[in-house]
Amino acid sequence: MLREAFVVAAKDLRIEARSHVGRTQVVPFALVVVVLFGLALDPDRGLLTRAAPGLLWVTVLLTALLATQRSLALESADRAVDQLRVSGIDPAAVFLGKAAALSVQLLVVVTALAVGVVVLYGAVLASPLLLIASALVATAGLALAGTLYGAVAAGLRVRETLVPLLVLPVVAPVLLGATRAWEAGVGLAVSDGWPWLRLLVAFMVVFAAAGVMAFGPLLEDA
Amino acid sequence: MGSAIRLRSAVALLGRFPALAAVDLDVAMGESVLVEGPNGAGKTSLLRVCAALLPLSAGAGVVLGADLSKRGRPHGVGFLGHAAGLYDDLSALENVEFRARLWGVPPSGAAAALERVGLEGPIRTVAVAKLSAGQRRRVGLAALVAVRPRLWLLDEPHAGLDAEARSQLDSVLEEAAHEGAAVLLASHEVEHVGRIVSRSVHIERGRLAGTAVRETDNAA
Amino acid sequence: MLNAVGVLGLGGLVGTVALGLGTTPPDQVQGELVRMIYIHPPLAWTAYLAFAVTGLFSALYLWKRQPRSDQIAASSAEVGVVLCTLTLVTGSLWGRPTWGVWWTWDARLTTTALLLALFAGYLALRRVVVDPVARAKRSAVLALVAVADIPLVHFSVKLWRTLHQQPTLLRPDPQIAGIQAWTLLLGFASLTLLYVWLTGRRARLEALVHLDESRALELAVASR
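Residue numbers (the working numbering), protein chains in the order written: chain A, 122 to 343; chain Z, 802 to 1021; chain X, 10 to 233.
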C-alpha cells in the first residue's frame, strides 16, 4: 500500500514540477496575500510583527484551499480517477499519496511565506526547530483534511465553493496550533509552543485515519 | 474457457435514471464481443458496470470472479472510455509508465507499448495536452497494452482514428483475444468492428437483444 | 406515540417558561437575567445531543447502509442547526448585559460556533448531492469527521484561552436550589423531548420521500 501511495505522490509531484503551477501561481498568490495584509493593517511595524504568525497561517490556509482544488482537478480532468479505481490499488494509497504530495507543495509555500514574513513584517526566527516541526505537522494536517474533503465534494458542480465552506471550520485547530507554535518560535509568546505540537500531531493522526477509512467508500461514486 | 462477464437482470442507475434495465450478458475468456446501439442506449453504462465503475442497483453480476452485487472489485480489468484518463502535463511515455506502476507492472514496457500503437519518436515525450484526440486515445490504448488486462473494455475506440491507427487497434484487440483475454467493445461502426469480433449484441433503452447469453454455459 | 412526546415536550416548555419567568426568584448577582439559565444550557445540551445523534446514525449508516439511519442523521442535523443558533443567540443575549460584550472567545462559545458551521456545511452538502446513496455516504463521512474534529477544536480553544490568562468572565454559574433546580431540570427535559419529537417527525417525512423515490424508480425501470 505504501508503495502505491508513493507512486501516486511521485506522479503528483512530477506533474507539479512539469507544470510549474506551484511556482507561478500558488506561491505568488500566497505572497500577494501577505502583502495585502500588510496594506490592510496599520503600517505600524509593531502590529504586523506581532500578527505575523497568525497572518502567515491564515494565508497558508487559503493557499491550501487552492492547492487542494488543483490536486483534485488533476484526477477529474480526463477521468483519470476511473483509471485509479480500475487499477485496483488501495483507495487509501490514493488518499495518502495525494495528501503527501500536497504537503510538500504546502511546505514550499510555508517556506516562501516565512521569508516574506521576515522581510515584510520584521519577524525573527528564534526557535527554528519548533518552527520546522510545527510547519511539517500542520501542513500534513491541512493536506490530509483538504484531500479528504475534496473527495467528499468530488464531482459536484459547486465543489469550488463548497470545499472551502466545509474545510475551513474543521481546520481551526490547525490554525490555532500552528499560529501559537510559531508565535513561540519567533519569540513573540511567553508560553511554551511545544504543547501545540502535540495538538497538531493529534489532528494529523485523526485525519489520516479518517481518510484511510473513508476514501474507499467515497471513491465509489467519484 | 472461463467466464469473464456474467450479468443477470442487471440494473444500473445514473442518478434516478435507469441506464441499464435488466441486462443479461455472458462474455467468455478469449471472446471478443461488440455492443452496438443508438446513442443513450446504455453502451457506456454497460462498460462502466463491468469495470465496477458504476454500481449495480439490482440484479447479479460477476466480472473476472468478483461479485459486483457485493461491491467486489475485479482485478485485471482494462478500461478505455471516451476520456483516455491521462494527465495533461505528463508526456505519453510518463503516462503509460505511471499506469504500469499503478498496476504493479515494470514501467520499462511503456516504450514498446507506445510503439505497438504507432506512437514513436519525439511525440512520446511531449505533454499529452498537446496531442490530438486520436493520439490521446492511442496513448490510452498503449497504457492497456502495457498492463495486459484479462478483460478489455473499450468505449468507441475507433472514433477519431485514422486508417493506420485503426488497423493497429484491430491487431491489438485480436492479439489480446488470441492470448485468452476477453474483449467487450462498444462502437457505432458495426461493419468494420463486426469483422474482428466473435459476436455482437444490440442494446436499446437499457436492455440487450441478440445472442447475449450462452445457454450452454450454465456452470460458469 | 411520537406526538405524545411532542405534546409532553411542549407542555414542559410552557411550564419552564412560566416557572422561569414567574415563580422562581431572581439571582442576587445577576438579577432577572439569571432566568436565562432555564433556557440557554438546555438549548446547548440538546444542540450537542443532536450533533451526537447525527454522528451515531452516520456511523450506523456506513456500517449497515440502511437508508433509515441516514434519514435520522439528517433530520437530527436540521433540528440541531436551529438549536445551535438559538444557543448562540441566547448566549449572546445573556452575555451582553452581564459583561457588556456580545461575544467572548471562550472554549464553549467558540466551539459551539464552529459546531454550527460544521452542521451548516453538512446540510449544504446534502443540498447539492442528488443521488441518494452518494448523498448518504458523503454526508455520513462528513458528520463523522466533524464529530472527531469537535474535541480537537474544543481542546485547542481551551488551551488557547487558558494560556492567555482569560479573566474569569466565564458564566459564573449561580447557586441554584429548590424550585430553581426543578425548573432547570424541567427545561432540560422538555427541550430534549421537543428535540426527539421534531427529529422524529422530520425523519418520518424523509422516509416518505425516500419511499416515493423508490416507487418512481421501479416505474422508470419497468417502463424502459
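Treat the hints with caution; some may be incorrect.
Stated by the list, open to error - Pulled a few chain X residues facing chain A out of the computed Cβ check, cut under 10 Å:
| hint | residue |
| --- | --- |
| 1 | Gly29 |
| 2 | Gly31 |
| 3 | Leu124 |
| 4 | Ala126 |
| 5 | Ala149 |
| 6 | Val150 |
| 7 | Val154 |
Since the hints were made in silico from the structure, they are not lab data.
C-beta: ideal position from N, C-alpha, C; glycine also.
Hint by hint, here is what the structure shows:
Annotation: Gly29(X) was flagged as interfacial toward chain A, and the flag is violated, the nearest CB pair being 33 Å apart, outside 10 Å. Violation of the interface hint for Gly31(X) is found here, the shortest Cβ-Cβ separation to chain A being roughly 40 Å, above the 10 Å cut-off. Given the 10 Å rule on beta carbons, the hint for Leu124(X) holds: about 9 Å separates it from the nearest Cβ of chain A. A cut of 10 Å between beta carbons decides the hint on Ala126(X): the least distance to chain A is about 4 Å, and the hint holds.
Taking 10 Å as the C-beta contact cut-off toward chain A, the hint placing Ala149(X) at the interface holds, the least distance being around 9 Å. Interface restraint check: Val150(X) against chain A, minimum CB-CB distance 4 Å, threshold 10 Å, status holds. A hinted interface residue such as Val154(X) counts as satisfied when its beta carbon comes closer than 10 Å to some beta carbon of chain A; here the least separation is about 5 Å, so the hint holds.
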